[in-house]
Every structure is written in structure tokens, then in C-alpha cells.
Amino acid sequence: GLAFNAKADTTVAPGDLCYLKWNSGSLRVAFNIAQGDSTTTSTGMLAIAMESKTAGQTGKFCTKGFITVNASDINNARGTVEGDIGKPLYLDAGTAGEFSVTAPTNSGDVVRIVGHIASVNTPSHYLIYFNPDNTWIEL
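Per the working numbering, residue 1 is the first one in the sequence shown, and the count goes up by one each step.
None of these hints come from the bench; they were simulated from the model. Among these hints, one or two may not hold up.
[Claimed, not checked] As a list, the in silico EDC-like pairs of lysine to aspartate or glutamate whose alpha-carbon atoms are at most 20 Å apart:
1) Lys87 - Glu51
2) Lys7 - Glu51
3) Lys21 - Asp133
4) Lys87 - Asp133
5) Lys21 - Asp37
6) Lys64 - Glu51
7) Lys64 - Asp133
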């Protein structure tokens, strides 16, 4: 996949869905935790944290490609190949940094497909194709 090194704006863990932002306090561009309940945190450049980092540390972030994430980071998944393969992944509106197999439905939420489930490696790990769509809608 495509990945590059960038600063973390907050504590991130592998698999966290993040957005690129400007931090005026530290005068730096950095990744923070994304969430589908706000246009501020969901409509710009997205990436998945590949390492555990704290605010100000440089880490690797995947911007596109195949990446393994914990099943616990994908809400509403069934945990089976038959139930999940090929399903689109959305920014989760309820939990920051996570994915959902169901689109958000509340007023003010942002619906944006960020990838697809490619394989269920084990019940605890999913291989996803991360490819955030450049289009989105606010409900």
C-alpha cells in the first residue's frame, strides 16, 4: 500500500482511522482521529495509523492499499467470510477512529466509503482495501 511518515496530533494505535489536519498551536500538519459525525474530521485526507504513537511523534500512516485491521475496529461486521467479504466500509459516526459496515444515518453525520472488506483472516483480523472515496454527503 501507499504509506508515509507523518506526525500524530494525538495518541494513535495501529488500525485507527485518522484525518490530516493543521495544528495551529504547534504549527504542524498532523494526523488526528477521524469520525463520521463531523465534516471537520471526515471529509479531508484520510489514513490508517500503522504504529502506536503519541502526540508529536512521527509514525507511518497508510493512505491507500491493503492493510490488516482488528475486527474490533469494524463495527456491525458479522465476523464471517460469507457475511462480510466485499462489504463497503464507512467512517463510523459513533466511535472515533473506527470503521462500520453500515452507513451513518443521523442528521449531521457524514457518509463516506473508505474501503472494502477483502478477507476475514481470522475472526479477530480483517484484510481491508483502504481507498477513501473523495466524495461524501452530510445527512
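Given hint Asp37 paired with Lys21 - CA-CA distance at most 20 Å: Judged against 20 Å, a Cα distance of about 16 Å means the pair holds.
Hinted pair Lys64 and Glu51, Cα distance within 20 Å: holds, 16 Å
Proposed proximity, Asp133 with Lys64 (alpha carbon, max 20 Å): holds, 11 Å
Agreement of Lys21 and Asp133 with the hint, judged by alpha carbon distance not exceeding 20 Å: holds, 18 Å
Proposed proximity, Glu51 with Lys7 (alpha carbon, max 20 Å): holds, 11 Å
Given pair status - Asp133, Lys87, alpha carbons within 20 Å: Holds: Lys87 and Asp133 sit about 15 Å apart, inside 20 Å.
20 Å limit on alpha-carbon distance, applied to hinted pair Lys87 and Glu51: At roughly 25 Å apart (the allowed maximum being 20 Å), Glu51 and Lys87 break the hint.
Hint violations for this structure: number 1 only, all remaining hints satisfied.
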